[in-house]
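The lines below spell out each chain.
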Amino acid sequence: MADLQLRSVTKAYGAAEVIKGIDLDVAEGEFCVFVGPSGCGKSTLLRMISGLEPISGGEVKISGDVVNHLGPAERGLAMVFQSYALYPHMTVRQNLSFGLENTRTPKAEIAERVGAAAKMLQIDQLLDRRPKDLSGGQRQRVAIGRAVVREPRIFLFDEPLSNLDAELRVEMRGEISRLHRRIGNTMIYVTHDQVEAMTMADKIAVLRDGRLEQFGRPLDLYNRPENLFVAGFIGSPKMNFFAAEVASGALKLAAGPTFALPEGRFDLREGAKVTLGIRPNALKPAAAGLTLTVADVERLGGESYLYGHSPDGSAITVHSPGQTGVEPGTEIALSPDMAEAHVFDADGRSLRRH
Amino acid sequence: MANFLTRTRGKERLHWTDWLSYAYLLFGVVVMFGPVLWLALSSFKTEAELQHYPPRLLPYIQKTEKIPGYDSALPIFKVTKGALAGQEVAQVRRIGLVAQVVRPDEPGKLVKLPIADRKPVEHVALATSNYVKLFKRFDFLRFLWNSTFITVVATAITLVINSMAAFALSKYAFRGRGTVMALVIGTLMIPQTVVLVPLFLVVRDLGMINSLWGVIIPGAATPTGVFLLRQYMLTIPDEILDAARMDNASEWKIYWRIILPLSAPAIAVLAILSIMWRWNDFLWPLIALTQSKFFTLQLALNSFRGEFNTDWASLLAMTVLTLLPIVAVFAFLQKYIATGIATTGGK
Amino acid sequence: MYKLISPLMQLVDWPMRAFQSRFGQRRLAWVFLAPNLALFGLFVFLPVILNFAYAMTGSEHILLRDRPFVGAQNFAQLTNCKDYLNPNSCQLDVFWRAVHNTVWFIVLQIGFMVGFSLLTALILNRKIRARGFFRAVFFFPVLLSPVVVALVWKWILQDQGALNGVLSSLGYQPYNWLLDPSWAFGFSVFLTVWFHMGFYTLILLAGLQAIPRDVYEAAAMDAASPWRVFRKITLPLLMPTMIVVLVLALIKGVQTFDELYAFTGGGPGSATTLMIQYIYETGFAGAPRLFGLAAAASILLALVLVALTAVQLWVTRRNANG
Ligand SMILES: Nc1ncnc2c1ncn2[C@@H]1O[C@H](COP(=O)(O)OP(=O)(O)OP(=O)(O)O)[C@@H](O)[C@H]1O
Ligand SMILES: [Mg+2]
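Chains as they are written, first to last, in my numbering: chain A, 1 to 354; chain B, 1 to 347; chain C, 1 to 322.
These aren't lab readings, by the way, just hints derived from the structure by calculation. None of the values given here were measured: they were computed from a predicted structure. Every residue, glycine too, gets a C-beta built ideally from N, C-alpha and C. Wrong hints could be hidden among the right ones.
[To be verified] Restraint ranges, calculated between C-beta atoms of paired labels, are given here:
| hint | chain 1 | residue 1 | chain 2 | residue 2 | range |
| --- | --- | --- | --- | --- | --- |
| 1 | B | S72 | C | G267 | 26 to 36 Å |
| 2 | B | A48 | C | R65 | 53 to 63 Å |
| 3 | B | Q87 | C | G267 | 44 to 54 Å |
| 4 | C | Q160 | B | F135 | 20 to 30 Å |
| 5 | B | S129 | C | P68 | 55 to 65 Å |
Can you build the whole structure from these sequences, using the hints too?
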């Protein structure tokens, strides 16, 4: 077990800078999720931690020791890959023991550790099969097992569930969380699925374009996004954004209506152009307010979603509990719950006071 | 007319173009297989039968019989004319146009007979005398050993060094990779046939003329093999190598524990090709091996081909033994060989 | 087998590991490349350079330092000809006879070989029974060794052979085929076609099978006649494969040696002597070994081959890119 520190690490492929200076502290035993859109550098960052990718600048520290110059084998980490990367020509047992054999672990100990890991992951029936004879979920367990037997200081996961179907993904998500609770190791988990991030993480690191946008506990990110990007990325469905202007302490929306903000929560400058963010479940039908032209209604039974746009053209999503009688094509008025409002300046930074 | 030029034909009954096609194919069977079968059959003929003109299709052996009072078995003839007509006699000796024969039941009584009045009694049988002679009189086993040694060792070396190079070229990004690939393509453009003279001199300076190593080493690195294996290794996902690296495997271990087993199909193709090239190789061994004790089977076969009279009896037997391994390999691995040769352009 | 070499591989592991930790992963690539590149250098690139050195020096000495520089004299000798179409007017008439033979040989061989290969491939591509067997029948001579092929046919064509046997039973006189220059040349072409056509048949068959079925179905909907389908669909779509076959056959045809050397020995006279045999005999079999001349001749040959191979690579690449 170990903690991990990144000190302004950078990565460049030739002239192209892919990781642009990231600082991060992952405490011992924490489950940390890297999340961000495709191509933002999550995998690259993870591979830099693992030692598979050389580091262009900065420092990676594990348990306080700089490991920049160490190869992947010497860092004492284990990794689970997106494509599983099982050795196709080896049985499950050989897949699990390959790494231990390489470190010249005694035979008896290998057998014991493989047996224990297989039992924990419920793959003890499959030990003599080849990867091609396993289902997707089983392969995933083997890939995790291969990491578990190594008893690494830190587990690294690179989108391990993205090849599974939706149902299995939910199941495996629970399983990885249970694994973490059980062995308590530090884990770093890469995904671009924010639901996965929210449900599994102790801490989430939101990345965009090679930079760390925000790092914190899931609900902190949800409740207090530091910028427009994090606000839009965390939470499903996405937060609604409206262009607005500060007018005597309240917000005048480009779409027409004006709404008052909670006293003293935001740093507002009179006349400033800002963006108001309201989550779909904080918009309620009302007698008057923001006009929504309904284009689409999703009725899920227990809850409903309305999709449409405001008079100025901003897209709006409304979440309403229970069943709704609103029909597509109609217009309704909405009132936002301003206690849950988020306000961002023209550069996208949150104006909330800390 | 030209229905037979197109691929598909739906009707149930055989069209005349189908008959034509089958006729062509059967003709092909005769022309392609016939000569080799003919040679194989011939190799089982006795020397006497090989002299027989016009040649007969099947190998015949003349009946012989042990007659009391004579040391060796005597050939049996059937008399066609005269007093003994219709009877079988054993020939004791022949003097000019007259044969001295005895009746098997009267071994003491010599009878004179014009040779035109008797016909050998023969039956179809495979004579192994040519093969026996080959092993007794010639150094066949040495030629066989030379060929086998060259084929096995050269193929092993080729597989190892070609796969190492292919691994580097497919799985590492390093400065100069493009240059190396260009060099490999370059060697593809320079067949051995155009550098015979300097190659001979280089090998001679290395002291490898008249040594089996002089045949094995110069052709051990094949550009075809590097290409074939590299192309296959490119399809192995890099993540598997990364997984092995996380599993503490050294790069060399990745090469032989992960890459080699996973490239087995391509390695098999290259192995078959290399075995064929080496077993059938001729020009370079002809130049590099001048002493007959180093001859390969191919060279030995060629050297049997005398200027004026050829010892066909031994030559036929040796030819059959030379093509046997290839035929055996072909019978088992036909499919691999065909695809292997088709994908690499032969050589 | 794998178990057998495992300990050996393990032995190599620790020096490689040491190198890896000392010089890093990237430079390890050169270690993997080293054996192969060393052999290429020693037995391909060095000879290419030496070839020029020998081609520009004279005498019968084998060591380069004993050989006087003669410049382009060897090339001048080779190309000294009053009339290139008449080998007898050339200083080195055997060389030019070999060149003529090679050109004729290639023209005839490629014509017959491509023709028969295409016919065979078209037939094998039809719905026929036992296709695998027939394909194997046409393919199997490819695997035989050149010497064996030569002996098989020599055995049939020798003066007391099967061909004469059949002919004399039909009432013809037996004939010594391989002692007649024209027949020897003709049978040489026949023998190489017999030997190699299976290989080209296989390539053409693959090309034919790569033509999508629905193209033919569309043509059937258009009520195209079979002949038109062949001319307008099969042939054009097969063209890339045909070009590959032609170029490959050219490259291999120019280098023909083994089977003819064992078949006729280049004779009678020099009726079946091709380029490689000329080089072989000039450099290795002749009484004075004329390395310079042989090297010069092989450079001329190499020029032809490099051009052909460049075309081949270009064609394959173009085909691969669609
Ligand atoms: N070897 C390389 N050379 C150049 N650029 C690279 C290389 N590898 C990755 N990149 C670039 O680095 C950026 C980050 O890639 P990375 O794989 O880390 O993204 P990611 O966040 O994992 O995306 P995804 O969610 O799609 O997996 C991408 O823009 C990619 O194009
Ligand atoms: Mg990724």
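Hint-by-hint comparison with the structure:
1. B:S72 - C:G267: 26 to 36 Å: 42 Å, violated
2. B:A48 - C:R65: 53 to 63 Å: Roughly 60 Å apart at Cβ, these two residues keep to the hinted range, so it holds.
3. B:Q87 - C:G267: 44 to 54 Å: 51 Å, holds
4. C:Q160 - B:F135: 20 to 30 Å: With Cβ atoms ~26 Å apart, the hint holds.
5. B:S129 - C:P68: 55 to 65 Å: About 58 Å separates the Cβ atoms of S129 (chain B) and P68 (chain C), which means 55 to 65 Å holds.
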